[in-house]
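Engineer: Top to bottom, those sequences are chains B and W.
Counting with numbering that gives the first Met the number 0, you get residues 0 to 267 for the letters of the first sequence.
Counting with numbering that gives the first Met the number 0, you get residues 0 to 398 for the letters of the second sequence.
Source of the hints: derived by calculation from the structure; they are not laboratory data.
Predicted model only: the values in this text are computed from it and were never measured.
No residue lacks a Cβ here, since even glycine has one placed at the ideal position from N, Cα and C.
There could be a bad hint or two in this list.
Said to hold, decoys possible - Ranges of calculated distance between the beta carbons of each label pair, as one might list FRET restraints:
#1 W:Leu393 with B:Pro33: 19 to 27 Å
#2 B:Ala88 with W:Ala22: 17 to 25 Å
#3 B:Arg155 with W:Thr352: 30 to 38 Å
#4 W:Arg396 with B:Ala219: 22 to 30 Å
#5 W:Ser23 with B:Glu144: 19 to 27 Å
#6 W:Leu393 with B:Ala88: 20 to 28 Å
#7 W:Leu275 with B:Glu91: 47 to 55 Å
As the list claims (entries may be wrong) - Covered by chain W, per the in silico footprint, the following chain B stretches (three or more residues, Cβ under 8 Å):
#8 67-73
#9 89-98
#10 108-115
#11 121-129
As the list claims (entries may be wrong) - So these bits of chain W aren't anywhere near chain B, every CB distance computed over 10 Å:
#12 Ser123
#13 Arg177
#14 Ile336
#15 Thr343
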Amino acid sequence: MTAPTTTDTAGGIGGRRRPIIEICGVSKIYPGTPAVTALHPSSLRIDPGDQLAIVGASGSGKSTLLAILGTLDDPTDGTVRVDGRDVGAMREAERSAIRSSRISFVFQQFHLLPAISATENVATGLLYTGTSPKERHDRAVTALEAVGLGQRLRNRPGELSGGEQQRVAIARAIVRDPAVLFADEPTGALDSATGEAIVALLTKIADLGTAVVMVTHEAALAQRFTRRIRLKDGHIIDRYPSDPQHASRSKALQPARIRSTPTSRQEQ
Amino acid sequence: MNATFRSRFRVRDVLRTAWLGVASRPHRTALASLGVALGIASLTALTGVAASNQAQLLANLDRMGANLAIITPAIGPDDNLVPLPATAPEMVKRVDFVADVGVFETAPENISVYRSDVVPPTESNGLKVTVARPDVLRAIEAKVAEGRWFDDASRSLPVTVLGRTAAERLGITQPGDRVWIGGQWYGVLGILESAGLATDIDTAAIIGDRWVRDAYEGATIGEISEMYVRAEPGQTARVKDVLASAASPGSPFVSVNTLTALTDARASADDSLSTLGLTLAGIALLVGAIGIANTMVVAVLERRGEIGLRRSLGARPSQIATQFLTEAATLALIGGIAGLALGTGAATLFALTRGQPVVIPIETVIASPLVAVFVGAAAGLYPALRAARLSPTLALRAV
Numbered sequence: 000m001t002a003p004t005t006t007d008t009a010g011g012i013g014g015r016r017r018p019i020i021e022i023c024g025v026s027k028i029y030p031g032t033p034a035v036t037a038l039h040p041s042s043l044r045i046d047p048g049d050q051l052a053i054v055g056a057s058g059s060g061k062s063t064l065l066a067i068l069g070t071l072d073d074p075t076d077g078t079v080r081v082d083g084r085d086v087g088a089m090r091e092a093e094r095s096a097i098r099s100s101r102i103s104f105v106f107q108q109f110h111l112l113p114a115i116s117a118t119e120n121v122a123t124g125l126l127y128t129g130t131s132p133k134e135r136h137d138r139a140v141t142a143l144e145a146v147g148l149g150q151r152l153r154n155r156p157g158e159l160s161g162g163e164q165q166r167v168a169i170a171r172a173i174v175r176d177p178a179v180l181f182a183d184e185p186t187g188a189l190d191s192a193t194g195e196a197i198v199a200l201l202t203k204i205a206d207l208g209t210a211v212v213m214v215t216h217e218a219a220l221a222q223r224f225t226r227r228i229r230l231k232d233g234h235i236i237d238r239y240p241s242d243p244q245h246a247s248r249s250k251a252l253q254p255a256r257i258r259s260t261p262t263s264r265q266e267q
Numbered sequence: 000m001n002a003t004f005r006s007r008f009r010v011r012d013v014l015r016t017a018w019l020g021v022a023s024r025p026h027r028t029a030l031a032s033l034g035v036a037l038g039i040a041s042l043t044a045l046t047g048v049a050a051s052n053q054a055q056l057l058a059n060l061d062r063m064g065a066n067l068a069i070i071t072p073a074i075g076p077d078d079n080l081v082p083l084p085a086t087a088p089e090m091v092k093r094v095d096f097v098a099d100v101g102v103f104e105t106a107p108e109n110i111s112v113y114r115s116d117v118v119p120p121t122e123s124n125g126l127k128v129t130v131a132r133p134d135v136l137r138a139i140e141a142k143v144a145e146g147r148w149f150d151d152a153s154r155s156l157p158v159t160v161l162g163r164t165a166a167e168r169l170g171i172t173q174p175g176d177r178v179w180i181g182g183q184w185y186g187v188l189g190i191l192e193s194a195g196l197a198t199d200i201d202t203a204a205i206i207g208d209r210w211v212r213d214a215y216e217g218a219t220i221g222e223i224s225e226m227y228v229r230a231e232p233g234q235t236a237r238v239k240d241v242l243a244s245a246a247s248p249g250s251p252f253v254s255v256n257t258l259t260a261l262t263d264a265r266a267s268a269d270d271s272l273s274t275l276g277l278t279l280a281g282i283a284l285l286v287g288a289i290g291i292a293n294t295m296v297v298a299v300l301e302r303r304g305e306i307g308l309r310r311s312l313g314a315r316p317s318q319i320a321t322q323f324l325t326e327a328a329t330l331a332l333i334g335g336i337a338g339l340a341l342g343t344g345a346a347t348l349f350a351l352t353r354g355q356p357v358v359i360p361i362e363t364v365i366a367s368p369l370v371a372v373f374v375g376a377a378a379g380l381y382p383a384l385r386a387a388r389l390s391p392t393l394a395l396r397a398v
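Given these sequences and hints, build the entire structure.
Structural biologist: Dropping the structure here:
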């Protein structure tokens, strides 16, 4: 797994990219007394190969935004398009199919199944895609090797460190070869050194062409991403780079980035 | 792109995923399936015990004569008995569900049995002489206590087999003694045990049919006086209706009698025991189903994280429902198989300790796992739907 020297390989055809996910005027209001507006009308697009960090304090609406972007939750208003198709008009089966083929998630709590091995956990990532068991297994092994856990194939989650468990979860996310990987506070349950390594792994995945969207409350980690938005009280209050159309990941815009290989075992 | 917009879930994966849920929580699985296990065990044990009791009771009733029909000649228009045709036994044997036919023939007139030739003829002790063909022994289900019953040779000889009471009153304890019948000595061939249904046999000295035909003369010698017809268990009522026409086709002068009260008792015993057993087993199963439903409701609550994860991986609500439904059915199937083993063991033990026939109805063996799976699926329906309806984001948040 070598990082490409140029980063426009995931770019669209003819210089103009079609966004993978695009939200327009999307808001989320939780009914009740009083009703809570978790997200005020917001627009955002995610292009192939994007590295987007969503930053904000807890309760700022960043997880709500992530759930809507990931088609896990419905907005109260506004439209969500995946590959140009309106998700709001889709039946649940279609959305599930989009999730199984285009979108992956990594969670703060890893959400690994405790009773099965790392390989089987990663293979679960392909369970709902119609892939044969043999292929699921083979691809799971490849994905685990890619995140540096080639020696831990048969271990159960309980036998792995926190950082290793999150790597298994990341392997489960990338085994599907998704267009977008959403990471919701992926370092929240890890110490800072391990967290750094996980973020390095995520940016590396982005370098290989998968768009990575990470929610975090740690500004320092967000600095590793080429695009950042800041949320406060349900509003997007800050965008970097400031022009949202300027999403190309020019190296010049990037701050100093820790170059790290996923095989380095910093978490130990 | 359209091809990838479908998420699929293979049957094998459904079963494996459900098995994972069951196998990774062995203690819970054991506890959850215990209810169904007990239910199926009760079902199996109760039906087994009921079947065993029933088999025993029916055997007793049949020994008492519940499956017996007696065909006798009736009195005709000239006030005489209309004899049954000689072909009657053969015809009756051909009737469906007839197991055994025993034929008695008319005894010579004025013939009695005495201990010796010096006993006054008036002291007949209430004993009588009966003429039987060898097939009578099976038809009346009598057992030989001492000596032997008639065979093809001895039915032509001056020998007798004594009923229990007859032997006592004559003071005969061993075969080989002699008794005085109709003015000549007969060797005692055997002594019968007490015959349950045909009490007449107990007080009779039975002599062979061929000997009587050879040694005596008379208009009625060789005629059939009675036919004991033993039906297959439970078939007495069906057999009874056709016996008269089989024995003497076209003649109204045939009388067929059954021990109606016993036949009725047999039919009702058949029903009531089965109903009681099934009701009890049904209650036990219901309790088992509630146990599984409860376990699955808790499991859905506890595994919200897993449900959210699977939804995020692209599982449809129906696939989540299928998974939990299959898990519930698997729990119940495990319980069902364990219960079948347990119940079969209990029923066998019960029957063996009471010396009754071991009867495990094959229907129970086949139906138990099916019933268990059905019960499990029914119990899992509500929890499975709850799991399917869970919002993915809420599910993921709860850990």
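Engineer: Could you run down the list of hints and mark each one as holding or not?
Structural biologist: Against the structure, the hints come out as follows:
{"no.": "1", "hint": "W:Leu393 with B:Pro33: 19 to 27 Å", "verdict": "20 Å, holds"}
{"no.": "2", "hint": "B:Ala88 with W:Ala22: 17 to 25 Å", "verdict": "41 Å, violated"}
{"no.": "3", "hint": "B:Arg155 with W:Thr352: 30 to 38 Å", "verdict": "48 Å, violated"}
{"no.": "4", "hint": "W:Arg396 with B:Ala219: 22 to 30 Å", "verdict": "25 Å, holds"}
{"no.": "5", "hint": "W:Ser23 with B:Glu144: 19 to 27 Å", "verdict": "26 Å, holds"}
{"no.": "6", "hint": "W:Leu393 with B:Ala88: 20 to 28 Å", "verdict": "23 Å, holds"}
{"no.": "7", "hint": "W:Leu275 with B:Glu91: 47 to 55 Å", "verdict": "49 Å, holds"}
{"no.": "8", "hint": "67-73", "verdict": "holds (count 3)"}
{"no.": "9", "hint": "89-98", "verdict": "holds (count 7)"}
{"no.": "10", "hint": "108-115", "verdict": "holds (count 6)"}
{"no.": "11", "hint": "121-129", "verdict": "holds (count 6)"}
{"no.": "12", "hint": "Ser123", "verdict": "89 Å, holds"}
{"no.": "13", "hint": "Arg177", "verdict": "88 Å, holds"}
{"no.": "14", "hint": "Ile336", "verdict": "22 Å, holds"}
{"no.": "15", "hint": "Thr343", "verdict": "32 Å, holds"}
Violated hints, in rising order: 2, 3; the structure is consistent with all others.
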